[in-house]
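Trainee: The residues making up each chain are set out below.
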Amino acid sequence: MMTDDRPGWSTLVLNLIGSAVVGYALLRTDDGGRPTWALVLAVIALLAWAARGVLGLLWRDRRADVPLGIVAALAGAAAAAPSDGLTVVPAAIGVLLVIGSTSVPLPRGISLALVACALVAVSGVPAQASVPAVITMMGGLVLAAVGGYSRRQFRQGEAQAVLLRERELAMRQEAERVAIARDLHDVLAHSLGGLVIQLDAVEALLESGDREEATARVAAARRLAVDGLGEARRAVATLRDPARSDAAAQPGREESFARGVERLLQAHRSLGGVVDFSVRGTERPLRAQADDALLRALQEALSNVRKHAPGQPARAGLDWQDDTVVLTVSNPLADTEPLSKGPAPRGYGLTGMRERFEALGLGSSVGSGVQGDRFVVTAEAAL
Amino acid sequence: MSLQMLGNALLALGLIAWIGYRQMNWRPIDIGRMWRTPLVMGVVGVAFLLNTAGPSSLSPLDLAVLVVELVVSLGIGAAMGRIATFRALPAPVRMGRNGESVALYESRTGGWGLALWLLVIAVRVSIDVLAGLAGSHLAASAGVILLMLAANRAARTFVFAGRVARQSTGAAALRNGSPAA
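Protein chains in written order, with the working numbering: chain A, 1 to 383; chain B, 1 to 181.
Keep in mind that the hints were calculated from the coordinates and are not lab data.
One thing to keep in mind: the hints can contain errors.
Cβ-to-Cβ under 8 Å is the rule here; a few derived chain B residues that face chain A [unchecked claim]:
1) 43
2) 46
3) 47
4) 58
5) 60
6) 61
7) 68
8) 71
9) 74
Idealized CB from N, CA, C, for every residue including glycine.
Extracted from the complex, chain A is given alone in its bound form (with noise of 0.2 Å):
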C-alpha cells in the first residue's frame, strides 16, 4: 500500500533554503518593532518547517509531516501580520501538508486552515495591519488548503492505482492456482486411474492362478507409475520454473507431439483397451501450449473411455485442416453407463480441457455428448 514518495534530498535542501530564506529576511526587515511574542512564533514556525524536511530525511518517511505542519500552521499564521505576512510562508505550507496527508481526515485539514486564517486576522489587530494586507494573508492560506487539497486527491489515486494492481496480481494468482489444479488432476487421474485398472486385473488373475499373465500386468502397471511419476515431476518442474522447462521443451517439438500422440494410445492399448487411430490431412507444427492441450484432451479422454465404456473399441481422429486441428474421441454408449443426459458430468476433466482450450484463444473450443450411439468428445485447436 505504500506509494514511493519517501522524502529525499531534495525535500531536506528545499525546506532548509526556505526556511532560511524567510528567516534572513524576518531579520533583514525587523526594525525593532515587531513584538517579541511575535518573533518568537514567527521561528518556532521556521523550525517546524526545517526539521520537516531533516526528519522526512532521517526517518524516510512522512511522520513528522503532520505534527510539523500543524505547528508551523498555527504558530505561522498567529506571527503572519506581525511579520509583514513573512511567516504566512511557513504557515501556508504547514497548511498544505496536513490537508495533503491522506492519514488526516479531511475535514480536520479544513479546520486547521480555518483556524489559522482566524490567527491571521487576530494578528492583524496588534500590528495595526490594513484590512486588504491581512485579507491577502488569509488568501494565501486559502491558496495553500487548495493545493495541499489537490495533493491529497493525488495520493489518494495512487494508492488506488497501488490496490488495483495488487488485486490484479491476486487474480493472477487465482488463475495460476487454476492452472496448477488442472494439471494436477491430469497427471494423476491418468496414471492413478490406469493403475487402478491393471492392479483389479492382477487381482482376477491371480484369483484364477494365471501367474504368468499377473506377472506381466504388475510389470505393465509399474511401467505406468514410473511414466506418471516423470509426469508429476515435469508437472512440478513447469510449475517451479515455468520459463525453464518451455525452453527446455521447445526442440524437437513436431515430433514429440506425434510421439506423444502414440505414446498415450500404446498406454490405452496396454490397458487393455481398444483404440482405433486415424489421421487426416498432413501434420502441420503446433504452438507448444495447442499441443499440451491436444495432449492432454486425448489423455482425458482415453482415461474416460476406460473409466466409463470399458472394454469398448474407441475411436480417436486428427484432422488437420489449414487453420485448425481437430481432435474426436469417441465411443459407444456402454450399457451398464446410465445413459448421460447431454454433456455428461465426467468430474474435472472436462472442466480442465474446456479451460486449456479457452487459454488458447479465438477458434479454439472443446465439446462433448451423445451422438447417435457414441459419447463424442471433440477438441480444436486453431493453428
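Mind docking chain B on chain A? Use the hints.
Mentor: Positioned in the frame of chain A, the structure of chain B alone reads:
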C-alpha cells in the same frame, strides 16, 4: 442606539428560541431544506452588513472579530452536526409545499445540542462585549449575527448531510447484500 440594540436582541432571541425548539423535537430530514435556512440568513446577513459598514470602513479589529466569530460558529455548527442523532422513519414522509421531496430519516440534536446553542450565545455575547470594549461595534450588528447563525447552520448541515449520505449508502449496501426479505 438602544432601540436598535433592543431590536437586535429580540431578533436574536427569537431565532435562538425557534432553533432551540426545533432541536429538541424529532423532525424529518430534508437536506435541501436544511441548506435553505443558512443560505437565506447568509444573504440577508451580508446585505445588512454592507448597509451598516462598507468594506472601506472596516478596521483590522472588525475583520478579526468577524473571522474569529465565523470560525467559532462553523466549529460549533460542525459539532452540532456530529452529535445530532437520526433514525429511519417508519414510513417515508413527503416534504415541501408540493411534496416534491421525500424524507426517509428523522433527526434530533437533543440536550447537548441545546447546550451548544447556549455556548454559541455565550461566545457571541462575550465577543460582543470584548470587541465593544476594544472599539469594534460591528460585531453587535444584526448583519453579523445573521452571518454567524448562517455559518453555524451551514457547517451543521454540511457535517450532517455527510453522515446521512454515509448511513444511506451503508444501509443500501446492507439491503443489496442480504437476500430480499
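Trainee: Taking the hints in turn, state whether each one holds.
Mentor: The hints, checked one at a time:
1. 43: Violated: closest Cβ of chain A sits about 21 Å from residue 43 of chain B, beyond 8 Å.
2. 46: Hint on residue 46 of chain B: violated, closest Cβ of chain A at ~16 Å, above 8 Å.
3. 47: violated, 20 Å
4. 58: Check passed: Cβ of residue 58 of chain B comes within 5 Å of chain A, closer than 8 Å.
5. 60: holds, 4 Å
6. 61: Cβ of residue 61 of chain B sits 5 Å from chain A, so the hint holds.
7. 68: holds, 5 Å
8. 71: holds, 4 Å
9. 74: Residue 74 of chain B check passes; min Cβ-Cβ to chain A is 6 Å, inside 8 Å.
This entry does not satisfy hints 1, 2, 3, going by the numbered hints stated previously.
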